[in-house]
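Number of protein chains: 2
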Amino acid sequence: MTTIKAYGTESPTADLELIQIERRNILENDVKIDILYCGVCHSDIHSARNDWGNAKYPLVPGHEIVGRVLEVGTGVSKFKEGDLVGVGCLVDSCQTCSACEDDLEQFCEKGMVGTYNGPNKHTGKQTFGGYSTSIVVREEFVLLVPENLDIKAVAPLLCAGITTFSSLNHWNIKKGDKVGVIGLGGLGHMGIKFAHAIGAETIMITTSPDKAKDAKRLGADAVLISKDEDEMAKHKGSFDFLLNTVPVKHDMNPYIQLLKRDSTMVMVGAIEPLEPMHGGSIIMGRKRVAGSLIGGIKETQEMLDFCGEHNIVSDVEMIDIQEINNAFDRVTKNDVKYRFVIDMKSLKTS
Amino acid sequence: MTTIKAYGTESPTADLELIQIERRNILENDVKIDILYCGVCHSDIHSARNDWGNAKYPLVPGHEIVGRVLEVGTGVSKFKEGDLVGVGCLVDSCQTCSACEDDLEQFCEKGMVGTYNGPNKHTGKQTFGGYSTSIVVREEFVLLVPENLDIKAVAPLLCAGITTFSSLNHWNIKKGDKVGVIGLGGLGHMGIKFAHAIGAETIMITTSPDKAKDAKRLGADAVLISKDEDEMAKHKGSFDFLLNTVPVKHDMNPYIQLLKRDSTMVMVGAIEPLEPMHGGSIIMGRKRVAGSLIGGIKETQEMLDFCGEHNIVSDVEMIDIQEINNAFDRVTKNDVKYRFVIDMKSLKTS
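Residue numbers (this note's numbering), protein chains in the order written: chain A, 106 to 455; chain B, 106 to 455.
Chain A with its partners taken away, still in its complex shape:
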């Protein structure tokens, strides 16, 4: 075991602060990573504050990790010292169930191991995330990051990026499709970038007219203000796909009305009881409301490669780790464009 510095919390109500945690020494198939940057995901806040009721303390968040390989185990062939790599939401899974065989480790039937707050089979305790100086991960869960990208802005691709990419990919969104991205936050801004890069007619759907300019800069062809009933009526029945990134429950019926017959709205944000939808909304037009959860490791690598080709990264606001509690408050108020990323140098030198 090696003791390292991290930022974590001991209780749902305490601020995050500097703590010491232990990382295992590398095993045969492990990769040890010097963490350069870590994104701040809304899930980090839900977990730290135990909003989902399953938090184990101390809790060290962070599952949007970018760093360089420090050392590899004797059995590792895919990575070598100095490689630019990423770690997302998962660090382990059974590797043998039908979900893992289908490269969908996020749905591992034995239970995937989250990058933090997951069951750590090596220590018997919980896993600790990327708000730390280094991490040891089995090679199957380490991703290669294209060197041409702006490294600081890569971290959010590992969660916000793959979540939106996977939805578009799974539902075969292609050039010319009319795609609506609902909600402009960490997920939504990546949804726009990916839909635009695919060549879809990309419409930002938002309640806020003041987001229009930014949405277009990010790649939206047009902006639809969901409170404008006349505009919504004009777009009725015209969308091939809706990517709903709104992180809280909301009236879904007006959005479902926007879908073409036999089309789908995918929910990726609201992990809570949704507002009632009308049965007629989906029965008329044979529509679908579906869910999607991050992506498997293979697809995450495909997403990173796609980003490398298309030069896609997140729009980020850099912070030092000492600013994390303030950043949490601002994320809660949706006051960030569009993702905080922690420069981990600030932890190493603290």
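Honestly, I wouldn't trust all of these hints.
What the hints assert, rightly or not - Using C-beta positions, here's what the derived DEER-type ranges look like:
(1) B:Asn253 / A:Gly216: 20 to 28 Å
(2) B:Asp326 / A:Gln200: 50 to 58 Å
(3) A:Trp157 / B:Asp208: 42 to 50 Å
(4) B:Asp255 / A:Asp156: 55 to 63 Å
Stated by the list, open to error - Cross-link-like lysine-lysine pairs, in silico, DSBU-like; alpha carbons within 30 Å at most:
(5) A:Lys450 / A:Lys438
(6) B:Lys257 / A:Lys279
(7) A:Lys215 / B:Lys280
(8) A:Lys341 / B:Lys137
(9) A:Lys339 / B:Lys137
(10) A:Lys280 / B:Lys215
(11) A:Lys341 / A:Lys279
(12) B:Lys215 / A:Lys279
(13) A:Lys354 / B:Lys257
(14) A:Lys161 / B:Lys339
(15) B:Lys403 / B:Lys257
(16) B:Lys332 / A:Lys215
(17) A:Lys341 / B:Lys161
(18) B:Lys215 / A:Lys365
(19) A:Lys403 / A:Lys442
(20) B:Lys279 / A:Lys215
(21) A:Lys161 / B:Lys341
(22) B:Lys354 / A:Lys332
(23) B:Lys341 / A:Lys215
(24) A:Lys339 / B:Lys226
(25) A:Lys321 / A:Lys332
(26) A:Lys365 / B:Lys403
(27) A:Lys226 / B:Lys365
(28) A:Lys365 / A:Lys438
(29) B:Lys137 / B:Lys110
(30) A:Lys183 / A:Lys453
(31) A:Lys215 / B:Lys365
Said to hold, decoys possible - Computed far set for chain A versus chain B, every beta-carbon distance over 12 Å:
(32) Lys110
(33) Asp120
(34) Tyr162
(35) Ile256
(36) Lys332
(37) Glu377
(38) Glu380
(39) Ile424
(40) Asn430
Note that these hints are calculated values from the structure, not bench results. The beta carbon of each residue, even a glycine, is placed where N, CA and C say it ideally should be.
Starting from the known structure of chain A, fit chain B onto it as the hints suggest.
Coordinates of chain B only, in the frame set by chain A:
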């Protein structure tokens, strides 16, 4: 115009009674049908009582019609006098929009014409349904009924039958798939028959243990009592498809839990605001909740042909038209196994 006898109502609160209505004389592409039997669909009651707020009076219900061709227009080639035919929920559509071109007239973009309470372009008033002695329908909306079937029990195939057949067909349900049919009523009992005939492992899912015996007689391989949490837990994540025929809002989350990853629950019954589902229910396992509405004319003919091959009809309780108000009350209490069918002789001789 020809004046004929029908059973209809003049207001949402009045009983149905004998009235006179007018039918157009046949045009070039029309088929005139002597109505032998008409099924009693729950929609008939919703419409008569104006539950959906769009009823026009007098309202003559009935969209599960079986009869014999009396006469055909000069341009009709598909039918001749004496043919055994059916008419379902639709009697007209634009025939040119993309939905009509895809043989999905139920989703006609100009608006399909319901068999009753729809806009009648010939009279400028509303259409009148099958609680009547005869009907005139353009040939594109007339279906050929296989002569080998028990005619009395065919009528409900035109609505309850196609609704369930189309869902299974659209989602490519095949031999060996594990299919759950939720709710045992007019729709559910047809769902069981079709899923069983396709060769699916057919599980009846119901709140009522006393329905188990009947479900097995209808073709269910097993019955899952949804109130039994232990049994529900055993089936968790095991279904390839769920056909949800429950006609009213209900907690969908326990059913969604039954689905395999990437599988679908189709709602065909509850045309009303549904109870909230949990976002996590569909996000975990990338599941889908979809809708389905009857079927197009081509698919309805395929359904009837399938029924002819597999000798499938509904389980019916025959009534005279004079018993219709009592039948409505019994349908409302779910006290029918599983569909009332009116013997229209009782109207003709009244």
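Okay, the hints, checked on the actual structure:
Roughly 53 Å separates the CB atoms of Asn253 of chain B and Gly216 of chain A, a value that falls outside the hinted 20 to 28 Å. Between Asp326 of chain B and Gln200 of chain A the Cβ separation comes to about 33 Å, which falls outside the hinted range of 50 to 58 Å. At roughly 46 Å, the beta-carbon separation of Trp157 of chain A and Asp208 of chain B lies within the given 42 to 50 Å, and the hint holds. Checked against the hint of 55 to 63 Å, the pair Asp255 of chain B and Asp156 of chain A passes, with Cβ atoms roughly 58 Å apart.
With a C-alpha separation of about 26 Å, the suggested pair Lys450 of chain A and Lys438 of chain A falls inside the 30 Å cut-off, and the hint holds. A hinted pair counts as satisfied when its Cα atoms are at most 30 Å apart, and Lys257 of chain B with Lys279 of chain A does not qualify at roughly 49 Å. Between the alpha carbons of Lys215 of chain A and Lys280 of chain B the distance comes to roughly 28 Å, so the proposed pair stays at or under 30 Å and holds. Only pairs whose Cα atoms come within 30 Å are accepted, and Lys341 of chain A paired with Lys137 of chain B is rejected, the gap being roughly 38 Å.
For the proposed pair Lys339 of chain A and Lys137 of chain B, the alpha carbon gap of about 41 Å is over 30 Å, so the pair is violated. Restraint check for Lys280 of chain A and Lys215 of chain B: the C-alpha separation of about 28 Å stays at or below 30 Å, so the hint holds. Of the pairs offered as hints, the one joining Lys341 of chain A and Lys279 of chain A holds, with about 21 Å between alpha carbons and a cut-off of 30 Å not exceeded. Restraint check: the Cα-Cα separation between Lys215 of chain B and Lys279 of chain A comes to about 28 Å, which is no more than 30 Å; the hinted pair holds.
Proposed proximity of Lys354 of chain A and Lys257 of chain B is contradicted: the alpha carbons are some 48 Å apart, above 30 Å. A threshold of 30 Å between alpha carbons decides the hint, and for Lys161 of chain A with Lys339 of chain B the separation of about 28 Å falls inside it, so the pair holds. A threshold of 30 Å between alpha carbons decides the hint, and for Lys403 of chain B with Lys257 of chain B the separation of about 23 Å falls inside it, so the pair holds. Pair hint Lys332 of chain B plus Lys215 of chain A holds up; C-alpha atoms about 26 Å apart against a cutoff of 30 Å.
Proposed proximity of Lys341 of chain A and Lys161 of chain B is supported: the alpha carbons are some 27 Å apart, at most 30 Å. Simply put, Lys215 of chain B and Lys365 of chain A have alpha-carbon atoms about 14 Å apart, close enough for the 30 Å limit, and the pair holds. In summary, the hint linking Lys403 of chain A to Lys442 of chain A is supported, as the alpha carbons are separated by about 28 Å, within the 30 Å threshold. Distance restraint check for Lys279 of chain B and Lys215 of chain A: the Cα-Cα separation of roughly 28 Å lies within the 30 Å cut-off, and the hinted pair is therefore satisfied.
For the suggested pair Lys161 of chain A and Lys341 of chain B, the alpha carbons sit about 27 Å apart, so the restraint of at most 30 Å is met. As the CA atoms of Lys354 of chain B and Lys332 of chain A are separated by approximately 27 Å, the hinted pair is consistent with the 30 Å bound. A C-alpha spacing of about 14 Å is found between Lys341 of chain B and Lys215 of chain A, which places the hinted pair at or below 30 Å, so the restraint holds. The suggested pairing of Lys339 of chain A with Lys226 of chain B holds, with an alpha-carbon distance near 27 Å, which does not exceed 30 Å.
Simply put, Lys321 of chain A and Lys332 of chain A have alpha-carbon atoms about 19 Å apart, close enough for the 30 Å limit, and the pair holds. Restraint check for Lys365 of chain A and Lys403 of chain B: the C-alpha separation of about 21 Å stays at or below 30 Å, so the hint holds. Restraint check for Lys226 of chain A and Lys365 of chain B: the C-alpha separation of about 27 Å stays at or below 30 Å, so the hint holds. For the hint linking Lys365 of chain A to Lys438 of chain A, the alpha-carbon distance of about 33 Å lies beyond 30 Å, and the restraint is violated.
Among the hinted pairs, Lys137 of chain B with Lys110 of chain B is consistent with the structure: their alpha-carbon atoms are about 15 Å apart, no more than 30 Å. This hinted pair checks out: Lys183 of chain A and Lys453 of chain A have alpha carbons roughly 27 Å apart, not beyond 30 Å. Proposed proximity of Lys215 of chain A and Lys365 of chain B is supported: the alpha carbons are some 14 Å apart, at most 30 Å. With a minimum CB-CB distance of about 33 Å to chain B, Lys110 of chain A clears the 12 Å threshold, and the non-interface call stands.
With a least beta-carbon separation of about 28 Å from chain B, Asp120 of chain A lies farther than 12 Å from that chain, consistent with its non-interface assignment. For Tyr162 of chain A, the requirement that its beta carbon stay farther than 12 Å from each beta carbon of chain B is met, with the minimum near 23 Å. Non-interface status of Ile256 of chain A relative to chain B is upheld: no Cβ of that chain comes within 12 Å, the nearest being about 30 Å off. In this structure Lys332 of chain A is separated from chain B by more than 12 Å, as the shortest Cβ-Cβ distance comes to about 21 Å.
Non-interface call for Glu377 of chain A relative to chain B: violated, since the shortest CB-CB distance, roughly 6 Å, does not exceed 12 Å. Separation of Glu380 of chain A from chain B is inadequate, the least Cβ-Cβ distance of about 6 Å not exceeding the 12 Å criterion. Distance check for Ile424 of chain A against chain B: the nearest CB is about 28 Å away, which clears 12 Å, and the non-interface claim stands. Every CB of chain B is more than 12 Å from the CB of Asn430 of chain A (nearest about 27 Å), matching its label as outside the interface.
Violation of the numbered hints given earlier is confined to hints 1, 2, 6, 8, 9, 13, 28, 37 and 38; the remaining hints are satisfied by the structure.
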